[in-house]
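Enquirer: Chain by chain, the residues:
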Amino acid sequence: DSGVTQTPKHLITATGQRVTLRCSPRSGDLSVYWYQQSLDQGLQFLIQYYNGEERAKGNILERFSAQQFPDLHSELNLSSLELGDSALYFCASSVASAPQGGELFFGEGSRLTVL
Amino acid sequence: SQQGEEDPQALSIQEGENATMNCSYKTSINNLQWYRQNSGRGLVHLILIRSNEREKHSGRLRVTLDTSKKSSSLLITASRAADTASYFCATVPRMDSSYKLIFGSGTRLLVRP
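So the protein sequences, as listed, match chains A and B.
Just so we're aligned: the first sequence equals residues 928 to 1042 in this note's numbering.
Just so we're aligned: the second sequence equals residues 48 to 160 in this note's numbering.
If we strip away everything but chain B, and leave its shape as in the complex, we get:
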């Protein structure tokens, strides 16, 4: 079963605009990670935020985490056509001996030139 659900499922924006993707999850977590996948390619890690962190930045990426609402958001600022990809959140549930990184269903981002 999916632990995380991304919203929206698909997003189309103009180059230069900001893109915001949201992720909701069901159980308490150790950390939450965001990955990017170009069509038919392998996933690439973008950023990891731990359960005791609220916000993290990496270049044009900003991730927030609200553990009380069990949600996270990924903001891509000043988007480029090359940002077109699917974006997934993934969580490590805080359970006994849990070693699973469970992915959400993903948001497909299209950045129009």
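One chain only, chain A, in its complex shape:
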């Protein structure tokens, strides 16, 4: 158990819909990272927050947005969903402000299926 909690574990929805994925980091970790894992694209970095502030942005679509709240939990919002958005979405956390400071702890992921 990494200490990172992601909900929901599984989600099935239709094209055009909007979903919210939630992540609670390990106790004491200030950094939260979001990754998307699909068969054809591999693990893609989406975005990182540190103590409520956005620190780095990767290949995150404009239809996607994220935020980190004062209690440090984070949410990833996916809107106008397309079939290609079907993937495993991972949240990770770390105590360091940046990944060069140390390891990331990953949650078990949220599996999104868009029909």
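Among the hints, erroneous ones may be present.
Which chain B residues face chain A? A few, computed with CB under 7 angstroms, are given here [as the list claims (entries may be wrong)]:
1. Gly89
2. Leu90
3. His92
4. Leu95
5. Phe150
6. Ser152
7. Arg155
Don't read these hints as lab results, they were simulated from the structure.
Every residue gets a Cβ at the ideal spot worked out from N, C-alpha and C, and that includes glycine.
Starting from the known structure of chain A, fit chain B onto it as the hints suggest.
Expert: Just chain B now, kept in the frame of chain A:
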């Protein structure tokens, strides 16, 4: 875009044999990390090696880093069936204000009992 590329993409060995996976990356790095992922599960950190280190050990794992060749290798000695998983290298590019940990495409390891 992927920063690291693992080689081979898939590896099948007998229990007790050693498994070697290689990772090549494109730009200068702060550190390189190896992660393991059981099918459909979250990634688990195995080992971190900094750019000024050449070799690191952790239990049955041995990681080497050659910054001149921009490559790293992960050796698992005396493999077990429970080592069956995908293994990813991940790098932190040495760029201004870079906070990204970028993963390679992974090596799928199958250890046959």
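Enquirer: Next step is simple, just say for each hint if it's right about the structure.
Expert: Do the hints match the structure? See the list:
no.: 1; hint: Gly89; in the structure: 4 angstroms, holds
no.: 2; hint: Leu90; in the structure: 4 angstroms, holds
no.: 3; hint: His92; in the structure: 4 angstroms, holds
no.: 4; hint: Leu95; in the structure: 6 angstroms, holds
no.: 5; hint: Phe150; in the structure: 4 angstroms, holds
no.: 6; hint: Ser152; in the structure: 5 angstroms, holds
no.: 7; hint: Arg155; in the structure: 12 angstroms, violated
The structure fails to meet hint 7 from the earlier list, while all remaining hints are met.
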